[in-house]
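Engineer: Listed below, chain by chain, are the residues.
Protein chains: 2
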Amino acid sequence: MTEAKMKNIAVIGFGNIGTGVVELLYRKGIAGLKLVRVVDTDLEKKRPITLPADYLSRDWREAVSDPGIDVVVELIGGIEPARTIQIAALQKGKDVVTANKKLLAREGQNIFQMAANLDRRLGFRAAFVGCHSLIHEFRQAGTAAKKFRRIHAILNGTSNYILSTMTREGKTFEEALKEAQAKGFAEADPSDDIDGLDTANKVRILLALIANSYQRAGDFPVEGIRDISAQDIRYAGELGYSVKLVGVIEPKDGVFYVSVRPALVPQISLLGSIDGAYNGTETEDEYGVVSGLVAPGAGTYPTADAVIKDLLDIAEGRPMPMPDSARPLALGSGEKEERRYYLRFSVVDQAGVLARICNIFWNYNISIAAVIQKEATSKDFVPVVITTHLAREGDMMTAITEVDKLPVVKARTKVIRILA
Amino acid sequence: MTEAKMKNIAVIGFGNIGTGVVELLYRKGIAGLKLVRVVDTDLEKKRPITLPADYLSRDWREAVSDPGIDVVVELIGGIEPARTIQIAALQKGKDVVTANKKLLAREGQNIFQMAANLDRRLGFRAAFVGCHSLIHEFRQAGTAAKKFRRIHAILNGTSNYILSTMTREGKTFEEALKEAQAKGFAEADPSDDIDGLDTANKVRILLALIANSYQRAGDFPVEGIRDISAQDIRYAGELGYSVKLVGVIEPKDGVFYVSVRPALVPQISLLGSIDGAYNGTETEDEYGVVSGLVAPGAGTYPTADAVIKDLLDIAEGRPMPMPDSARPLALGSGEKEERRYYLRFSVVDQAGVLARICNIFWNYNISIAAVIQKEATSKDFVPVVITTHLAREGDMMTAITEVDKLPVVKARTKVIRILA
Chain L
1 MTEAKMKNIA VIGFGNIGTG VVELLYRKGI AGLKLVRVVD TDLEKKRPIT LPADYLSRDW
61 REAVSDPGID VVVELIGGIE PARTIQIAAL QKGKDVVTAN KKLLAREGQN IFQMAANLDR
121 RLGFRAAFVG CHSLIHEFRQ AGTAAKKFRR IHAILNGTSN YILSTMTREG KTFEEALKEA
181 QAKGFAEADP SDDIDGLDTA NKVRILLALI ANSYQRAGDF PVEGIRDISA QDIRYAGELG
241 YSVKLVGVIE PKDGVFYVSV RPALVPQISL LGSIDGAYNG TETEDEYGVV SGLVAPGAGT
301 YPTADAVIKD LLDIAEGRPM PMPDSARPLA LGSGEKEERR YYLRFSVVDQ AGVLARICNI
361 FWNYNISIAA VIQKEATSKD FVPVVITTHL AREGDMMTAI TEVDKLPVVK ARTKVIRILA
Chain H
421 MTEAKMKNIA VIGFGNIGTG VVELLYRKGI AGLKLVRVVD TDLEKKRPIT LPADYLSRDW
481 REAVSDPGID VVVELIGGIE PARTIQIAAL QKGKDVVTAN KKLLAREGQN IFQMAANLDR
541 RLGFRAAFVG CHSLIHEFRQ AGTAAKKFRR IHAILNGTSN YILSTMTREG KTFEEALKEA
601 QAKGFAEADP SDDIDGLDTA NKVRILLALI ANSYQRAGDF PVEGIRDISA QDIRYAGELG
661 YSVKLVGVIE PKDGVFYVSV RPALVPQISL LGSIDGAYNG TETEDEYGVV SGLVAPGAGT
721 YPTADAVIKD LLDIAEGRPM PMPDSARPLA LGSGEKEERR YYLRFSVVDQ AGVLARICNI
781 FWNYNISIAA VIQKEATSKD FVPVVITTHL AREGDMMTAI TEVDKLPVVK ARTKVIRILA
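Sequence lines, in order, name chains L and H.
My numbering applies: residue 1 is where the first sequence begins, and numbers increase by one.
My numbering applies: residue 421 is where the second sequence begins, and numbers increase by one.
Simulated from the structure, these hints should not be mistaken for lab results.
Straight-line Cα separation of at most 25 Å, DSS-like style, residue types lysine-lysine; simulated pairs:
id : chain 1 : residue 1 : chain 2 : residue 2
1  : H       : K834      : H       : K756
2  : H       : K567      : L       : K28
3  : H       : K448      : L       : K252
4  : L       : K379      : L       : K410
5  : L       : K34       : L       : K5
6  : L       : K309      : H       : K567
7  : L       : K374      : L       : K405
8  : L       : K147      : H       : K454
9  : H       : K834      : H       : K591
10 : H       : K603      : H       : K591
11 : H       : K567      : L       : K34
12 : L       : K147      : H       : K729
13 : L       : K45       : L       : K34
14 : L       : K336      : L       : K147
15 : L       : K28       : H       : K672
16 : H       : K425      : L       : K5
17 : H       : K448      : L       : K147
18 : H       : K729      : L       : K309
19 : L       : K379      : L       : K405
Note that the structure is a prediction, hence the values are computed from the model and not measured.
So that you can see chain L by itself, here it is in the shape it has in the complex (with noise of 0.2 Å):
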């Protein structure tokens, strides 16, 4: 490697993962990559690693209009003042890497265009952790080298760890929360890792690199785990299934059909066995080839290898993968979507209930796959689970509606898709 590839590199943001990176270049050493600075806010932390003073700073613009430097890693999260520190680095000739995909998915339709405007690279693989090494294959699909025809991917780790917590121990949502935060698996806030919004993020990110575009794409349904109950997962499990937080992306037809919701998935597969805080993918491409990747969502370590490999790409001149043009990017509405479902009925325990489901499922051309009623413990209701063949969203959507209106139905029935 010659002196003139060297990049210096500034760090900005020293928390865990920070002292990832730092670990990696400072005292671990990497050829091509020279770190000059480490910006935080607080420096009087103590922290695994100590650094000399001449590297330290507190003010991230010191290291953002040094010419010296030239790639920023921006690892604070967040949108500000993260989105002004990336735009400056850009604006000031500096290649970014980062792990902040809430400012990507908010943010990326300015983040992307400058980049690739200004012909600066922007590195985010550490958004990515669990996917990370997939994503030159993403971005080949924007450029019609490699098509897909669905991604279904497993991309938060807190919710993983909670629903396989459920799962194995038979415990509540709550129950299976606090132990995530006790562990330190989930934050003390955890509504963007349990309501589907991280998950969301990374769907949206992937979304611009497979369609190539860095323009905004319009909202797509998502839902969180905070409404599934123990007894949906010992209903799944005894059909064969596990349930899971999915992100789905199906291109149809030059239009994308996204979702991010709970889903059952037979327990013997990649994603059904997929367990605690791991994230898992799985792609099958034009040709019907399905291919699987299971990789550790978070951690300092990972996570901080995937920045490496970022810096490392820039160092030697490798294209990035990131989108770069602004093509229409548009979604389908699910109306017409074809699923198998997973339904839940609270009903009174009396003849001919179910008859009138299965009337009702009738008239909307849904046909019953299995059914699941016990012997009623409760005086109020009794649950019907019944999986269903394949049905349109729309026809479903509208039989469940007449369902939950009948006198004997006592709860709103409880949906859950089928990937399989």
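Mind docking chain H on chain L? Use the hints.
Structural biologist: Just chain H now, kept in the frame of chain L:
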């Protein structure tokens, strides 16, 4: 892409894979790669793609000695004339791309060494269709950039297809093999696949990559799946395991512990969920990070795609993952390896038999995790299945030899390792 970088390609072997490669290079067209010659001894055969006559030749010597050809793609397989073709191409200053794992496993020491000495590139992703996206990482392990604790891999689609069919449909090995042959998932002579030889060839090449050594490693244990019975698969299922043919590479203190054997893996795990003709790889790195990959292990399109990836690496001047040193490569003996075991004893149905077995285990510090003994259905003997906690291989083998000498034991005890 400038004309100067354009690579002229000769494809030798116009069978299924060759047809796939020609389809991509000639019909689809790929920037930087120009198909100029296709060689096969049989040019009369009907093929899904027709090439102009001036592309075709029956004589590989003509292609290999043509100074206008930059890369020779050898897709005829087997030892000769593939070996002579590859060596002649390297000596003529050409790069080589191949899917030939048998040749590289047997002659890798000469061929890799020759490629390294002549500064030529040798691409063999297509020999690892099921995990080719990992071979860069495997090669990095040989330069200490990345260390693995273990690689457990299902690398043979035929065996996995047969084991999956036995599991799903309760078939015997013979029935499942016949079905695989009828459906084209197994060859008329299936021994390379079902006796573990194909997996062993792939493991040997992976080992060369991970150790970054083209020195031929010594022999390691290789067992196939012929002796896996329907009842073992059934018992494994009752205990929550799938039976898989697994290649194992575990580096420890500079020594590699390597084997190819049937193994029990948890049903709900990456390897346990791999169904049909798929391949899967589970790796654990030095930080304890476990990652997994599932992909088709064969097929015209996935294999041709892997060939194209190698050709693009060559055209675009990227470093190729190949072993390029003669570092000594030591294999460890399994004697002291600690594993869990599945054991099926065939014993006479009388009092005290289980106690006698347990006493022998006790003497060797082997402790029992689970027992299944069902009521006898035969007068001759009854199966007793035991799983153990971790035990040293040496102890286990000695204990089994003692058990098998007991007069109440009526057949050799079936031993399958548990990887979990």
